[in-house]
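Starting from the given sequences, assemble the full structure and let the hints guide the process.
Number of protein chains: 2
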Amino acid sequence: MQYPEPIAQLIDSYMKLPGIGQKSATRLAFFTIDMADDDVTAFSKALVSAKRDLHYCSICGNITESDPCAICADKTRDQSHVLVVEQAKDIMVMEKMKEYHGLYHVLHGVMSPIEGKGPEDLNITSLINRLQKNPDMKEVIIATNATPEGEATAMYLSRLIKPAGIKVTRLAHGLSVGSDIEYADEMTLFKAVEGRTEM
Amino acid sequence: MQYPEPIAQLIDSYMKLPGIGQKSATRLAFFTIDMADDDVTAFSKALVSAKRDLHYCSICGNITESDPCAICADKTRDQSHVLVVEQAKDIMVMEKMKEYHGLYHVLHGVMSPIEGKGPEDLNITSLINRLQKNPDMKEVIIATNATPEGEATAMYLSRLIKPAGIKVTRLAHGLSVGSDIEYADEMTLFKAVEGRTEM
Numbered sequence: 001m002q003y004p005e006p007i008a009q010l011i012d013s014y015m016k017l018p019g020i021g022q023k024s025a026t027r028l029a030f031f032t033i034d035m036a037d038d039d040v041t042a043f044s045k046a047l048v049s050a051k052r053d054l055h056y057c058s059i060c061g062n063i064t065e066s067d068p069c070a071i072c073a074d075k076t077r078d079q080s081h082v083l084v085v086e087q088a089k090d091i092m093v094m095e096k097m098k099e100y101h102g103l104y105h106v107l108h109g110v111m112s113p114i115e116g117k118g119p120e121d122l123n124i125t126s127l128i129n130r131l132q133k134n135p136d137m138k139e140v141i142i143a144t145n146a147t148p149e150g151e152a153t154a155m156y157l158s159r160l161i162k163p164a165g166i167k168v169t170r171l172a173h174g175l176s177v178g179s180d181i182e183y184a185d186e187m188t189l190f191k192a193v194e195g196r197t198e199m
Numbered sequence: 200m201q202y203p204e205p206i207a208q209l210i211d212s213y214m215k216l217p218g219i220g221q222k223s224a225t226r227l228a229f230f231t232i233d234m235a236d237d238d239v240t241a242f243s244k245a246l247v248s249a250k251r252d253l254h255y256c257s258i259c260g261n262i263t264e265s266d267p268c269a270i271c272a273d274k275t276r277d278q279s280h281v282l283v284v285e286q287a288k289d290i291m292v293m294e295k296m297k298e299y300h301g302l303y304h305v306l307h308g309v310m311s312p313i314e315g316k317g318p319e320d321l322n323i324t325s326l327i328n329r330l331q332k333n334p335d336m337k338e339v340i341i342a343t344n345a346t347p348e349g350e351a352t353a354m355y356l357s358r359l360i361k362p363a364g365i366k367v368t369r370l371a372h373g374l375s376v377g378s379d380i381e382y383a384d385e386m387t388l389f390k391a392v393e394g395r396t397e398m
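These protein sequence lines map, in sequence, to chains A and B. Using this note's numbering, you'd call the opening residue of the first sequence number 1 and step up by one each time. Using this note's numbering, you'd call the opening residue of the second sequence number 200 and step up by one each time.
Worth flagging that the hints you see were computed from the coordinates, not collected in a lab. A quick note: this is a predicted structure, and the numbers were derived from the prediction, not measured. It is possible that some hints are incorrect.
Some chain A residues close to chain B (C-beta under 8 Å, calculated; not the full set) [as the list claims (entries may be wrong)]: (1) E5; (2) S13; (3) M15; (4) A25; (5) L28; (6) I33; (7) A50; (8) K51; (9) T64; (10) P68; (11) K89; (12) M92; (13) I114.
Lysine-lysine pairs mimicking PhoX-like chemistry, simulated, CA-CA at most 25 Å apart [what the hints assert, rightly or not]: (14) K98(A) with K45(A); (15) K316(B) with K215(B); (16) K45(A) with K222(B); (17) K96(A) with K133(A); (18) K16(A) with K316(B); (19) K288(B) with K23(A).
Beta carbons: idealized from backbone N, C-alpha and C, even for Gly.
What follows is the structure in structure tokens.
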């Protein structure tokens, strides 16, 4: 006794997604059968469209329909700052904050010896090219994640860019706003003390 | 600044799945963009196919491509036993056990006053019809979940079927095989003591 072919196929497909195992995939597949026709059709089309119509911006590596992306094409943005992120989705998080008006650059990952990823596997060459071509560039803000890999990548980039006379900064580490000191881990507390500011 | 339309659509679609919120949907959508072309195409087709090619068996309510389903159509199966489950996927769990060779019946849910679901919302009428039409029927095994709703539904079915002179049984409750008494909850322990068997 096997699942009918269409549902077995769908379970297989759901299992290809990150964090979804056999049981979750089965649950999702059975849920799909009970979904509205329109929703399933829209889902199916969105999958193909996302894969077919989206590309990486040739300048910054952001995900976009047009090339260059909306941010790179917007000449009203501050051309003297570039904020470097690991993933394209991090750009959206920064944009939601509404306080940064400069440019972005997406590395598409971080250096990770465990996964065998070195600087040559990241979108770094095009960053250096951008910096060299833009005489107005004043500051590179490195916004890689606060993980050992993110820190190492930030350090690497900083050593690469600083000699060109461009200021390199890193996002501050410290307590989350609204968080309790009691529940902060030691590393975060250490960073919060280290980076304390005068009142 | 918005997500490009194709990815916004895909995030919306992922959010329609159970247990997937905005953040998970965004993660899955960005993951999809990096998936292999073939996998995304297969996923897209599987969604449409599962919705289009699968139906409920008109006899037992199982999910199937053909009608009646493979189990109802198989005359070598024991026609004197019917096992009642909440969901079509529960049939697969039972079949994996390989020890039950009778028929099934899917309720498509349980009675739940909180959700406003009564017996009339379940696939019960067709169960009664099946029992009436089948003079060989000896036993109805109720395998609803061990939840208050599952118990109430089992009790309701039992009162409905017993007067017809058909034996009604319920799956045993007790300790999971391989589990530790230390970690069993009181209700399970009580059921295990109550249902103790002679050695």
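Quick rundown of the hints versus the structure:
Residue-level restraint check for E5(A) holds (minimum Cβ-Cβ distance to chain B is 7 Å; threshold 8 Å). The interface hint given for S13(A) is met, as the beta carbon of that residue sits about 4 Å from the closest beta carbon of chain B, less than 8 Å. At a threshold of 8 Å, the smallest CB-CB gap from M15(A) to chain B is about 10 Å, leaving the interface hint violated. Interface restraint check for A25(A): the shortest CB-CB distance to chain B comes to about 11 Å, outside 8 Å, so the restraint is violated.
Taking 8 Å as the C-beta cut-off, the interface hint given for L28(A) holds, the closest approach to chain B being about 6 Å. Here the hint on I33(A) is kept, as its CB sits about 6 Å from the closest CB of chain B, short of 8 Å. For A50(A), the interface hint holds, the least distance from its beta-carbon to any beta-carbon of chain B being 4 Å, beneath 8 Å. Annotation: K51(A) was flagged as interfacial toward chain B, and the flag holds, the nearest CB pair being 4 Å apart, inside 8 Å.
Using the Cβ-Cβ criterion of 8 Å, the hint placing T64(A) at the interface with chain B is satisfied: the shortest such distance is roughly 6 Å. With a least beta-carbon distance of about 13 Å to chain B, the hint placing P68(A) at the interface is violated under the 8 Å criterion. Checking K89(A) against chain B: minimum C-beta separation of about 5 Å stays under 8 Å; hint holds. The beta carbon of M92(A) is positioned within 8 Å of a beta carbon in chain B (closest approach about 6 Å), and the interface hint is therefore held.
Evaluation of the I114(A) hint against chain B yields a violated restraint, the C-beta minimum of about 19 Å exceeding 8 Å. The hinted pair formed by K98(A) and K45(A) fails the criterion: a straight-line CA distance of about 31 Å is larger than 25 Å. Straight-line distance between C-alpha atoms of K316(B) and K215(B) comes to about 22 Å, which keeps the hinted pair within the 25 Å bound. Between K45(A) and K222(B), the direct Cα distance comes to roughly 21 Å. Compliance with the 25 Å bound is thereby established for this hinted pair.
About 29 Å separates the Cα atoms of K96(A) and K133(A), which puts this hinted pair outside 25 Å; it is violated. For a cut-off of 25 Å, the pair hint linking K16(A) to K316(B) is broken: about 35 Å separates their Cα positions. For a cut-off of 25 Å, the pair hint linking K288(B) to K23(A) stands: about 11 Å separates their Cα positions.
Of the numbered hints stated above, those contradicted by the structure are hints 3, 4, 10, 13, 14, 17 and 18, listed in ascending order.
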